[in-house]
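Single-letter residue listing:
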Amino acid sequence: MVIKNKWERKSLIGLEELSEEEINLLLDKAKYFKKLKSLNQKIPESLAGKRIVNLFLEPSTRTRIAFEVAAKGLNADIISIAEKSSSLTKGESLRDTARNIQSLGADAIVLRHSSPGSPLFLSEIVEVPVINAGDGAHEHPSQALLDIFTLREKWGSLKGKKITILGDILFSRVARSNIWGMLKLGAKITLSGPSTLVPKKMEDWGLTVSYNLESAVEDADAIMLLRIQHERQTETHFPSLKEYSKMFGLREGEFELKKNALILHPGPINRGVEIDSKMADSSQSVVLEQVSNGVYVRMAILHFCCNGKV
Amino acid sequence: MVIKNKWERKSLIGLEELSEEEINLLLDKAKYFKKLKSLNQKIPESLAGKRIVNLFLEPSTRTRIAFEVAAKGLNADIISIAEKSSSLTKGESLRDTARNIQSLGADAIVLRHSSPGSPLFLSEIVEVPVINAGDGAHEHPSQALLDIFTLREKWGSLKGKKITILGDILFSRVARSNIWGMLKLGAKITLSGPSTLVPKKMEDWGLTVSYNLESAVEDADAIMLLRIQHERQTETHFPSLKEYSKMFGLREGEFELKKNALILHPGPINRGVEIDSKMADSSQSVVLEQVSNGVYVRMAILHFCCNGKV
Amino acid sequence: MVIKNKWERKSLIGLEELSEEEINLLLDKAKYFKKLKSLNQKIPESLAGKRIVNLFLEPSTRTRIAFEVAAKGLNADIISIAEKSSSLTKGESLRDTARNIQSLGADAIVLRHSSPGSPLFLSEIVEVPVINAGDGAHEHPSQALLDIFTLREKWGSLKGKKITILGDILFSRVARSNIWGMLKLGAKITLSGPSTLVPKKMEDWGLTVSYNLESAVEDADAIMLLRIQHERQTETHFPSLKEYSKMFGLREGEFELKKNALILHPGPINRGVEIDSKMADSSQSVVLEQVSNGVYVRMAILHFCCNGKV
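Protein chains in written order, with numbering that gives the first Met the number 0: chain A, 0 to 309; chain B, 0 to 309; chain C, 0 to 309.
Honestly, the hints are just simulated from the structure, not real lab data.
Fair warning: there could be bad hints in the mix.
Claimed, not checked - Straight-line C-alpha distance at most 30 Å; calculated DSS-like pairs for lysine-lysine:
| id | chain 1 | residue 1 | chain 2 | residue 2 |
| --- | --- | --- | --- | --- |
| 1 | B | K9 | C | K34 |
| 2 | B | K41 | A | K71 |
| 3 | B | K71 | C | K71 |
| 4 | C | K153 | A | K41 |
| 5 | A | K49 | B | K241 |
| 6 | C | K41 | A | K36 |
| 7 | A | K49 | B | K153 |
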């Protein structure tokens, strides 16, 4: 296998199709941006004059703002369209909307959409790069890259590390993207949560499924929690919040964790559900570092996909 | 008649009051901006330090974003207020709202409003330029200018060209502005559509009204479709969508069009209603060019009204 | 008492804790910015590279836009989050939201919130400056500073001037901030309005309460009206609008005002309720100057709190 040292993709759809080298290329660039910032040095305005459109057709403030901040950090112009049923999309297909945005002079489209596959579909229609900012339960590559960035920064490498992903795996694009990325970087993954949300069949991907939380977390180097998304689950998949919290919530002192085990959460945290406040705010938690790293990772994504110079 | 070669208006309210020379002045400036872009040359930052406020009191994403892109393209600051019933307008008249915006330091106000005449009213109250981005069923000058720009670019001149406007003329500000502009530039206009939406009396404007679609389109050099706006029409004016589509929808192979006839649509397209997908995506369709040209036309409008240098 | 000549606060929570010197420091800086603008001189880009987040968790267009304009005027980047129940805050505490915003790289947070005390609470959690843009019925310091700026500009000094604040004092953060500030600058304050909304007990603050509008306004150098906020008052506190207007509305010719008495209103004006149109638009009204001055005052606040150079 030839090692790619240059980014050759137009769009970023998911981590499934990225090679280990491509993932590292993005992470290295993000690391470089973070270093410049920490040294109070100016980040090159590598996207000056570029126009990026945030097309968020599913509600999201957090990811949208992170992309805005990242784009401005490279001096790109960014226009956010964040509407569920805007006049833009009224009686118009996603295809027409996207081609219109391209005609308005967009140099890239960052798309959040409730339908899996829509960023891929779009990338085949428009000529400009499409960056997936979350498509249904499919992928959320920028989130997974920032999670992996955070772990790599702490550990140097993910190779051989044990990572437990806990919660609603079945409906989680965050879990899916992380699984692809972490496996490529050599991590050992255990999935845990209610059996209705963590099908045993996922072991086919080369990981472990465990319904016993204690054994799933006791020797983990990192525990990644997922947000319980009340709005997506049906009663057939999900017990009550109280029951979930009791069985799968991470509470201080309840389990023996490794001393240096890291705790990740993509936010927003449901305190008292997936995790209690003591754990969420402990020194093991890297939740706020994830947010901060997310800006640099998104800068790297925009930089490469938009053909940023320098 | 003296040919004006300098823009002397403060505001742009409609095409009704513009002379042929003024229209061409705007179109020539837009052409100049488009040429610079195509040559990858820097467009002069002629509005640097200017502050433009998009005051959109009727929903619109498309036009609002086009004005945002245009303003940023000339390096103006733009602030968009896009709310139907914002706290800004709560218990406050349009007059007070506009004078407040002026006091905040706006150098121009781009207004979309559901009431015909509101941009004119505003332009008499505030000292800064007011640009009409659509006022009820009255005018939508930037849309008509981009339509005319697109045709002029293809043909060199509109003089003697046959243009058929098809659809809901009665309630359409797009049609109204286009009729004013196209007649001034010497085009021959035919209006067609259901008789309830295309009153015979419109012939007083110096154009032809025809209720026979076939004869209306067969020798047209361009066919401009209008968007069917379900929300505005009452049952007394409008047949069912299905009936409309059957009688006045443009479908491939159904009518003999001129070989080089151009098809325009202001978007968003109701595919299968006003036009079928084959026609909308055919080589005769200039729909996406219209969108793209709209940015340059709006740059020209902002440039002249805000007294842009260079 | 030592005169401070340098700003030493991180955050701006209210006027209650500011000294006379600090208030004058802010007003002098605002005066300087206004002078530069009037001379058409470039305002120093003292916040270039700074990232300010407008976190408006209570509806407001007016104040939000004024802060946007002010931030851009000093060349800061500003990101506005203006949602009542955004995905940002879904299932997340204000504390988590704010720490996330800080992690995204914000250099300051401008907070509007319905709960009194939330900006103070926030300022103790995050490391970046927090600027109170209105917290419940507690304080609205930037509004009071612009009111005071406007009076100081007209009079040179507030010392010994008689100012009557009229209306819903009980629920008004604007009144509260103004009372703190004006008393510190040596003004004599009279409060007037319905007794349910202007408790006699407020005299403890060192001011006069009068339920007789005529005597309250006849020798006032300035009359500050407050907006009647239908949405906040209960029936037990508030008579009907008609009754309020009849008893406490300012109508031309009804009362003998001092010849040069100034009329202030924070907007938006309910014409015909708190004040009639003739008075609102008279030469005594400084309503639009208040709006305009608000930009310079907010520039001064951002400049000092964000450690602006120059």
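Hint check:
Proposed proximity of K9 of chain B and K34 of chain C is supported: the alpha carbons are some 26 Å apart, at most 30 Å. Taken as a hint, the K41 of chain B and K71 of chain A pair is honoured in the structure, with Cα atoms around 20 Å apart against an allowance of 30 Å. With a C-alpha separation of about 14 Å, the suggested pairing of K71 of chain B with K71 of chain C holds against the 30 Å cut-off. Of the pairs offered as hints, the one joining K153 of chain C and K41 of chain A is violated, with about 44 Å between alpha carbons and a cut-off of 30 Å exceeded.
Of the supplied pair hints, the one linking K49 of chain A and K241 of chain B is violated, its CA atoms being roughly 43 Å apart against a limit of 30 Å. The hinted pair formed by K41 of chain C and K36 of chain A meets the criterion: a straight-line CA distance of about 28 Å does not exceed 30 Å. Straight-line distance between C-alpha atoms of K49 of chain A and K153 of chain B comes to about 28 Å, which keeps the hinted pair within the 30 Å bound.
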